[in-house]
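The lines below spell out each chain.
Number of protein chains: 4
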Amino acid sequence: MISPDDDRRYVLTLGCPDRTGIVARISQFLSDLGGWIVEAAYHADQSSDWFFTRQSILASSVDLSVYELRERFAEVAAELGPETEWTLHDSTAPKRVVLMVSKDGHCLHDLLGRAAQGELPATITAVIGNHRDLESVVRSHGIAFHHVPFPKSGQDPEARAAAFDEVRELVDAHDPHAVVLARFMQILPEDLCEHWAGKAINIHHSFLPSFVGARPYHQAFTRGVKLIGATCHYVTPELDAGPIIEQDVTRIDHTYRVADMVREGRDIEKLVLARGLRWHLEDRVLVHGGKTVVFS
Amino acid sequence: MISPDDDRRYVLTLGCPDRTGIVARISQFLSDLGGWIVEAAYHADQSSDWFFTRQSILASSVDLSVYELRERFAEVAAELGPETEWTLHDSTAPKRVVLMVSKDGHCLHDLLGRAAQGELPATITAVIGNHRDLESVVRSHGIAFHHVPFPKSGQDPEARAAAFDEVRELVDAHDPHAVVLARFMQILPEDLCEHWAGKAINIHHSFLPSFVGARPYHQAFTRGVKLIGATCHYVTPELDAGPIIEQDVTRIDHTYRVADMVREGRDIEKLVLARGLRWHLEDRVLVHGGKTVVFS
Amino acid sequence: MISPDDDRRYVLTLGCPDRTGIVARISQFLSDLGGWIVEAAYHADQSSDWFFTRQSILASSVDLSVYELRERFAEVAAELGPETEWTLHDSTAPKRVVLMVSKDGHCLHDLLGRAAQGELPATITAVIGNHRDLESVVRSHGIAFHHVPFPKSGQDPEARAAAFDEVRELVDAHDPHAVVLARFMQILPEDLCEHWAGKAINIHHSFLPSFVGARPYHQAFTRGVKLIGATCHYVTPELDAGPIIEQDVTRIDHTYRVADMVREGRDIEKLVLARGLRWHLEDRVLVHGGKTVVFS
Amino acid sequence: MISPDDDRRYVLTLGCPDRTGIVARISQFLSDLGGWIVEAAYHADQSSDWFFTRQSILASSVDLSVYELRERFAEVAAELGPETEWTLHDSTAPKRVVLMVSKDGHCLHDLLGRAAQGELPATITAVIGNHRDLESVVRSHGIAFHHVPFPKSGQDPEARAAAFDEVRELVDAHDPHAVVLARFMQILPEDLCEHWAGKAINIHHSFLPSFVGARPYHQAFTRGVKLIGATCHYVTPELDAGPIIEQDVTRIDHTYRVADMVREGRDIEKLVLARGLRWHLEDRVLVHGGKTVVFS
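Protein chains in written order, with the working numbering: chain A, 541 to 836; chain B, 541 to 836; chain C, 541 to 836; chain D, 541 to 836.
Worth double-checking, as some hints may not be accurate.
Chain copies aren't distinguished; within one or between two, either way the pair holds.
Claimed, not checked - With a cut-off of at most 25 Å between alpha-carbon atoms, the simulated SDA-like pairs for lysine to any residue come out as follows:
(1) 831 with 589
(2) 635 with 619
(3) 692 with 612
(4) 739 with 687
(5) 643 with 701
(6) 831 with 761
(7) 643 with 683
(8) 831 with 679
(9) 831 with 749
(10) 831 with 792
(11) 831 with 804
(12) 831 with 790
(13) 643 with 600
(14) 643 with 656
(15) 643 with 830
(16) 739 with 795
(17) 739 with 656
(18) 831 with 579
(19) 692 with 548
(20) 739 with 572
(21) 739 with 568
(22) 635 with 587
(23) 643 with 663
(24) 739 with 709
(25) 643 with 759
(26) 831 with 607
(27) 643 with 655
(28) 739 with 762
(29) 635 with 690
Keep in mind that the hints were calculated from the coordinates and are not lab data.
Could you put the whole structure together from the sequences, leaning on the hints where they help?
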């Protein structure tokens with residue numbers, strides 16, 4: 541019997557070449573098991589002929605463990621062709637997030653507050669900072685803080701590489717579902733981008749593709765735009781060019797100096813990162829061809 | 541064979557009591573016919589235990605006329621229980637819209653412009669006005685204009701009833717898919733609300749439920765709100781209380797007099813009405829329990 | 541000599557009956573003193589014939605203390621008539637804020653984070669809670685927390701009055717510039733509303749005047765609105781009817797349950813309260829006739 | 541005596557190097573003449589040390605013609621230095637707008653509708669099109685339509701130059717206050733950009749500086765952005781790089797094909813162009829250093 545308070549879900553995501561009958565096949569599979577579909581989303585991208593779906597099933601409606609369900613579903617997925625990519629998770633399985641920060645703490649404070657409020661579907665297990673400015677607030681939440689100093693940009697490439705090696709080891713020790721660059725301000729080396737592909741998430745303080753790279757608010761000020769924004773995206777080797785998860789903007793006018801944009805922009809950065817991270821952690825983001833499908 | 545330029549769709553909408561297996565049943569039905577699903581949306585409302593879906597199928601992928609498809613689908617619908625409500629339309633079947641206006645022409649101009657641009661999935665077959673102010677612009681688009689004068693509000697109830705009888709006859713002669721009160725400024729009598737239930741659409745110039753009734757911008761000015769809005773909703777006997785299809789707002793500040801709100805509000809009214817009307821005409825709006833599900 | 545890093549301002553606000561020559565009089569006064577105007581805003585409200593201004597002057601450009609400047613300006617204000625209301629503050633004078641909370645901590649976390657980031661132009665000197673849930677996070681920021689339990693709504697009016705007396709004493713001991721009801725969930729008694737008139741600020745979780753009173757998200761769900769919002773306003777004896785400082789909304793759709801609205805609404809509540817509080821603390825909000833002029 | 545229905549204003553705009561006492565000087569000048577200031581806006585840009593103001597004075601409160609007022613004010617302006625730029629207009633003096641269009645008519649329909657509604661503070665005196673598609677709708681509004689065919693992009697530079705010469709002559713014959721490229725789709729030659737500097741206004745269908753040049757919606761689709769926008773800007777020789785007057789965006793998601801973006805984008809284009817054009821015609825836009833100050 542299904543309790544209304546039962547929040548455990550089996551969440552299936554799937555992407556495969558589009559063709560007739562996929563929805564029927566998947567929904568019949570779930571129906572045969574008695575699966576109660578709480579949320580179902582489908583998308584057929586006509587430009588790439590790719591099919592995407594996300595299904596959220598009341599776990600208690602299915603008399604199988606997530607492992608058994610995976611085993612059974614693997615047969616369905618196999619029918620859909622060798623390119624098919626899918627995941628199937630228990631929504632109550634613990635998820636871990638590692639944050640990487642520098643000196644600017646607004647995104648950190650926001651995520652810590654959300655975690656304390658129970659809003660984040662994950663545990664922040666560690667924070668790595670290249671400065672110590674945010675150490676005490678992190679520790680006051682009972683979260684580990686690792687200080688890994690970095691040489692100045694462009695200097696001492698060996699020390700830089702060593703620092704990134706240390707970061708990699710520290711992060712991987714937590715086996716996180718997301719590595720969040722919460723205004724980390726250091727460009728990840730290519731190998732790390734690839735190693736964390738699909739789980740390293742960055743917040744960039746502009747409405748990409750405008751104002752790639754450093755000091756986007758200064759660029760925005762110089763150009764005289766009437767809106768500023770922020771972009772949450774997966775990190776890829778090409779700077780600020782990864783698949784976009786979420787973006788938003790806020791209105792400014794001629795009275796805004798760069799400092800005012802920085803202040804207003806923080807609120808957009810916090811919101812956009814928090815939304816993007818939540819969607820990622822809830823398996824709502826599917827990546828294909830450098831773009832995302834977000835079943836929010 | 542399916543042509544990429546083929547825009548003909550069979551659009552199915554359905555609402556029924558929720559239970560396991562509905563998606564499987566419908567998608568299997570479509571799959572068995574070779575139906576290529578271009579858009580599919582589902583929603584299960586947990587508060588009312590009601591299931592909603594809208595499916596858009598490439599008509600050329602199914603070897604049936606819309607009449608034959610309806611006949612076949614009726615069996616599926618019957619299985620889903622006697623409360624089931626469904627529609628199945630050919631997206632290329634001509635649709636007709638009748639507009640009702642008074643003196644203020646911004647919504648009319650906007651809809652005429654959209655019709656001229658081919659943006660509206662329907663033909664505006666007639667405009668009824670209780671004043672002649674907008675007659676010439678309507679006629680310049682080659683559309684019939686009917687002038688039906690109304691007595692002043694609260695005066696001569698018999699003449700008023702007669703005028704509404706005339707309106708009803710004029711409108712019904714076009715058998716329209718939507719009767720749009722494009723700032724008509726007269727309150728429909730209860731019997732007409734019921735007669736046109738589900739196809740009479742009103743645009744109210746406030747963010748409902750704030751500022752019901754007359755002069756909402758004056759009410760907004762007096763209250764000192766910081767945003768003004770507009771609401772597109774189905775007309776029901778209770779004033780401004782019908783199911784909401786779409787709403788939006790725009791920011792104002794202390795410098796806005798009522799006249800400024802009226803000017804800015806027009807742009808929101810136009811957008812909100814145009815969106816709501818398009819969704820209605822594309823069978824994207826399902827009504828249940830005084831609220832809408834909009835598969836936009 | 542004026543240093544570009546000099547952030548000290550003398551901030552003048554003034555409201556008076558409108559007439560010709562006010563701007564000339566004030567700007568001549570400032571000009572005669574060598575005052576460098578960094579920000580100047582004016583508003584003449586035609587419906588009430590009232591004039592409003594806010595001027596921000598580089599303090600170092602004027603060879604007077606704020607007390608001397610006040611004394612001098614009093615003569616100008618006297619010329620503008622007996623109804624004239626004005627304030628003149630040194631922007632670097634310390635400002636104090638007291639927060640009142642219950643169990644829900646999102647606004648508290650947000651304001652604490654902003655304070656820690658140096659974003660708030662004030663010090664949070666104390667937090668009063670009718671529950672102990674948020675005590676530890678407040679104390680971890682080195683801020684005093686006072687627990688004042690309240691009887692259940694509608695019960696034991698004497699204990700209730702006593703609790704409010706205690707709150708009043710605790711708050712007044714800090715002589716705060718703002719008393720923020722950060723989701724306090726208790727209705728202030730009339731005498732306290734009047735005692736804190738112009739400095740008690742509430743955040744209401746709806747787009748007022750829609751959904752006054754309790755459980756606004758439930759009301760919004762029932763009505764089926766397509767946007768939800770929040771309103772920051774000064775507290776007055778009439779519930780949720782005080783002068784509105786700031787409002788904002790966010791889009792929802794039929795998939796949002798009440799719990800989803802609560803989650804999304806929190807982000808709007810935080811933003812709207814933070815903006816409203818900052819404007820209040822920076823002397824940007826002038827109240828007249830139940831409405832605000834916000835020189836943001 | 542001042543009638544509340546009197547809408548005639550003398551509108552002053554001024555930009556000059558910033559220094560102490562400018563506001564006092566201008567407001568004293570106006571006060572001495574008995575000028576009733578209805579709207580006053582000031583801005584001091586600290587990065588360029590430039591001062592901007594716009595003042596709207598009730599014309600009937602000053603016992604001078606606009607010519608006499610200009611003569612008097614010239615002395616004040618002279619005191620403010622040789623770099624000072626200013627204008628002084630009677631708001632009721634007729635203003636003329638010429639539109640340039642191609643095949644896509646949504647901006648044209650929108651502006652014609654606004655003109656018919658009396659929303660535009662100007663007369664559309666002519667429309668120039670490089671195709672005849674929109675000729676009939678223009679003529680139905682009683683407005684002259686000039687057809688000037690253009691060779692295909694990149695072909696026959698001589699015919700192209702001749703066509704632009706014809707356009708220039710046709711436009712200049714109307715002595716317009718604004719030349720609006722309402723989706724004209726042809727790049728103006730450099731000399732024409734300079735000849736119409738400060739009055740040629742373009743609407744670009746992206747949120748600049750993203751997606752400069754051709755097919756911005758295709759660029760947006762490829763990049764996978766989550767918002768699309770439009771930008772209204774003054775035309776300068778560098779493509780899509782002129783001072784931005786207004787911008788706005790609308791949310792899209794993965795379900796939007798290019799055709800859907802085109803449809804949704806039209807609504808933003810119309811709004812952004814209409815706002816920008818109105819502000820330009822009401823002397824609300826001051827240009828300095830490649831950016832605009834908009835006293836909206």
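>> Could you work out which of the previously given hints the structure breaks and list their numbers from low to high?
In response: Failing hints, ascending: 2, 3, 8, 13, 15, 19, 20, 21, 22, 26, 29.
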